[in-house]
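J.: What follows is the residue order along each chain.
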Amino acid sequence: MPCEHYKDALTEAAATGVGPQGALRAHLTACDSCRAAFEQEQSLFTAIDSGLHAAANAEVPPSLLPRVRAGLDEVAVAPPPRWLQPLVFASAGVALAFVVFLIARPYHATPENVVRQGPVFAPTAITPGTNANPGKIPAAAAETASTGANPSHTARNSTFFHPVASSNPQVLVPADEHEALARFVATLSQRSDVATAFLAQTPERKDALVSPDLLQIADIEIKPLEGGEAEASHSVGEKR
Amino acid sequence: MQELVLIQPGSAARSEWVREAAQADARREFEERLRECGPLAYRVARGVLRNAADAEDVAQEALLRAYRGFDRLRDRSRFRAWLVRIAFRLALDRLRSAKRREQRDTLWSQPAHLPPPATAEDIAVSNQFQGHLERVLDELPEKLRLVLLLSAMEGYTIDEIAEMVGVPTGTVKSRIFIARKKLAEKLRCHANTIKMP
Numbered sequence: 019m020p021c022e023h024y025k026d027a028l029t030e031a032a033a034t035g036v037g038p039q040g041a042l043r044a045h046l047t048a049c050d051s052c053r054a055a056f057e058q059e060q061s062l063f064t065a066i067d068s069g070l071h072a073a074a075n076a077e078v079p080p081s082l083l084p085r086v087r088a089g090l091d092e093v094a095v096a097p098p099p100r101w102l103q104p105l106v107f108a109s110a111g112v113a114l115a116f117v118v119f120l121i122a123r124p125y126h127a128t129p130e131n132v133v134r135q136g137p138v139f140a141p142t143a144i145t146p147g148t149n150a151n152p153g154k155i156p157a158a159a160a161e162t163a164s165t166g167a168n169p170s171h172t173a174r175n176s177t178f179f180h181p182v183a184s185s186n187p188q189v190l191v192p193a194d195e196h197e198a199l200a201r202f203v204a205t206l207s208q209r210s211d212v213a214t215a216f217l218a219q220t221p222e223r224k225d226a227l228v229s230p231d232l233l234q235i236a237d238i239e240i241k242p243l244e245g246g247e248a249e250a251s252h253s254v255g256e257k258r
Numbered sequence: 006m007q008e009l010v011l012i013q014p015g016s017a018a019r020s021e022w023v024r025e026a027a028q029a030d031a032r033r034e035f036e037e038r039l040r041e042c043g044p045l046a047y048r049v050a051r052g053v054l055r056n057a058a059d060a061e062d063v064a065q066e067a068l069l070r071a072y073r074g075f076d077r078l079r080d081r082s083r084f085r086a087w088l089v090r091i092a093f094r095l096a097l098d099r100l101r102s103a104k105r106r107e108q109r110d111t112l113w114s115q116p117a118h119l120p121p122p123a124t125a126e127d128i129a130v131s132n133q134f135q136g137h138l139e140r141v142l143d144e145l146p147e148k149l150r151l152v153l154l155l156s157a158m159e160g161y162t163i164d165e166i167a168e169m170v171g172v173p174t175g176t177v178k179s180r181i182f183i184a185r186k187k188l189a190e191k192l193r194c195h196a197n198t199i200k201m202p
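Just so you know, the sequences run in chain order A and B.
Heads up, this note's numbering is the position in the first sequence plus 18, with the first residue counted as 1.
Heads up, this note's numbering is the position in the second sequence plus 5, with the first residue counted as 1.
No lab work stands behind these hints, which were simulated from the structure alone.
Treat the hints with caution; some may be incorrect.
A few chain A residues facing chain B, derived, Cβ under 7 Å [claimed, not checked]:
#1 Ala33
#2 Leu70
#3 Val78
Fair warning: this is a prediction, and the values are worked out from it, not measured in the lab.
We put the CB at the ideal spot given by N, CA and C, even for glycine.
Just chain A, with the same shape it has in the complex (with noise of 0.2 Å):
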C-alpha cells in the first residue's frame, strides 16, 4: 500500500507521463511500497494507452472507399431546399395573378365618379303598406338600403362600383347615415312628388360667374306740382 499522503501524487505523475518531481521523487527513492504502486501505475497508464491506440487505429476494410465511391454516383449533391422551389412558383403565381386582375378588371370607380353616379336606390324599398309607423325602419330595410346582403363584401370592395355585374344596384354609404338613407327611401316612397322632384332634370347653370344687368334707371322727370302746395298749406290751416 502506498502512502495516502502521496497517493494522489503518484497517480498525477503517472497520468501525465512526465514522472515524479521534487519531493515525490525523493520519497519513492525511499519509499518501497510507494514505488511499486507508482510502477503499478504507470503499467496501467501504459496499458489503457495501448488499449485506446488498438481501439482507434484499426484496420480499414479495404471495401469502405469502393463503398463510398458506389454511392457516390448515385447520390447528387443536394439540391437547393425542397421548400424554396413551390415557395417561388406561388409567389410569381400571386404576382401574375394581381397583374392580371389590374389589367382585366372592367371599372374602376374614383371617388369623382361615384359622386357622378348620383344615389341608386335600392328596388326593395319600404312600400307605403306595410311601414304603419314612418318613424320606425326596419330592420331590414335599413340593410338593403345602405349596403346590400353582403357587408363583408362591401368592405372588401368598398372603393368599386360596378354598373353593370348587378341589376340589383348597391349605394356605399357610411355607416352612420345608413338610417337616414333608409328614411329618406322610405319618404320617397310615401311622397311621389319628392321623388319627381329629386328625379326632374335640373336646368343647366350657366356660368355663375356671369354678371347682373345693370339696374336701369330713367331719367328723372321733375314736373311741378299743380294745386298741390295750396292745398297743402290749407289744410295745415285748418288743423290750427
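Use these hints to put chain B onto chain A, whose structure you have.
T.: Chain B in isolation, oriented as in the chain A frame:
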C-alpha cells in the same frame, strides 16, 4: 383558365450546364478529401462501436451525408472536423439503438454473455483487459470520449484535434488528462489482468 408559365428560352440550358459543372467540381474535390478523411470517419465510428461491420456502415453513411451537404459547406477547410462530428454522432446513435435492441433481446432469452474461450492465457488476459477498457470507454462523457479517441489515433497533433473538435488546445489537453484518469480509476480493479507488451 389557361395556365401560364414563365420561361426564358436559353437560360434553362445554361443553368443546367452550370449546375452539372458545379457537381463535377464538388465530386472531384470530395474525392480528394475522401482518401484522407475516409479512414478517419471509419476509425471514429470503430472507436465508438467496437464492431468493424457496423463501423463501416456508419462511416459510409457519414461520408455520403457529408457529400450531400458538401456544397453548403462554405469553409472547406472545416471539412475534416465536420465529418468527424457526423461520424461520431451517427456512431453514438447506432450504439444506443444497438444497446436498446440488446436489452430487449435479453428479456426474452437466457443470459448468454459468456466470456470468450481462452486459447492461451496471455491472449485471454489481454482480451479481457481490452474488453474492460472499451466498456469503460463507453461510459465516458461524449466530449471526453471523442477527444481521447482522436488523441489515440496516429497522425493527429493536439492542434489538429483542437481544430476538429472546435475547442482550444488547452481544453483538449485537459480533456485527455481527465479522461485517462477516469479510465484508470475504473480499470484499477482489473489491473491484475494487465499483460504488459
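J.: Decide, hint by hint, whether the structure agrees.
T.: A quick look at each hint next to the structure:
no., hint, verdict
1, Ala33, "holds, 5 Å"
2, Leu70, "holds, 4 Å"
3, Val78, "holds, 4 Å"
This entry satisfies every hint, going by the numbered hints stated previously.
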